[in-house]
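Got chain E; can you put chain U on it based on the hints?
Chains E and U, in that order, give the protein sequences. Residue numbering for the first sequence is 1 to 140, as defined by the numbering used here. Residue numbering for the second sequence is 141 to 221, as defined by the numbering used here.
A hint or two may mislead.
Covered stretches of chain U, going by a simulated chain E footprint (3 or more residues, C-beta under 8 Å) [said to hold, decoys possible]: (1) 145–152; (2) 155–163; (3) 181–193; (4) 200–206.
Bear in mind the hints are in silico, worked out from the structure with no lab data behind them. No residue lacks a Cβ here, since even glycine has one placed at the ideal position from N, Cα and C.
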Amino acid sequence: MMLVFLDSSVFIWGYNRHNSNSAKTLELMNEGKIRVVISEKVVKELRTYFLKFYNKDIFSEILYHITSTAIIIPKEEILGEIKKLKNKIKEKDIEHLATVRYMNIKYLIAYDEDFEIFEEYITPKNFIKKLDLKTSDTDY
Amino acid sequence: MESIELDFRLKGDMANTVRELISRGYSDSEEDLVRAAIIFYASQLGLISPKSLHKNILRKIKLSGKKYSDEDIKQQIKEIR
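So that you can see chain E by itself, here it is in the shape it has in the complex (with noise of 0.2 Å):
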């Protein structure tokens, strides 16, 4: 099955717009097409995105999702990537590319620009087009 890492910017836009391509990767996690990846990072910025924007209930339901679905990477098991990466890329993608290279997985799937230097970067909308589905009609 394919290994693929989910930036939290596909949570968010999928939890949101249910009928956009973030939505139709999060269906292709929810039916076991393909296995998703995150790390303790994105964790947290689901965290502070649903307490600040929505409420708690929202977020647990949230973390029930996730943690059933998605294999979470602990931070410990990526020091030694985040050491080779330091000072080499913004801090706060460190994680996440950290996540990727330590893994050895093809996408990242992510809807922030910020991300466009690294190869492995694809937003949702691109991905859903590589596996030959119908995509929508926005970005994200």
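Relative to the frame of chain E, chain U by itself:
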């Protein structure tokens, strides 16, 4: 609606694990962690589907009555980085 009340004590390694999971942000409270653990276990056994967990989120987001524009969401994502 079916209801079960739980009242129990966790000690030693189990208590340490609970504290560690909460400090890592995997749950906001001991009660919620027990719920998350039950859901995780049930999903591994195929008793709860990821699709139904996903649907619960969409339902609760709708119930919250909050509607953000694309521009709002882009800005919100920048804020949490």
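Here is how each hint holds up against the structure:
1. Counting residues of the segment 145–152 of chain U whose C-beta sits closer than 8 Å to any C-beta of chain E gives 0, which falls short of three, so the coverage hint is violated.
2. Chain E is given as covering the segment 155–163 of chain U, and this is violated because 0 residues of the stretch bring a CB closer than 8 Å to a CB of that chain, at least three being needed.
3. Coverage of a stretch by a chain is defined here by at least three residues with a beta carbon nearer than 8 Å to that chain's beta carbons; for the segment 181–193 of chain U and chain E the count is 7, and the condition holds.
4. Against chain E, the segment 200–206 of chain U contributes 4 residues with a C-beta closer than 8 Å to a partner C-beta. That satisfies the three-residue criterion, and the hint holds.
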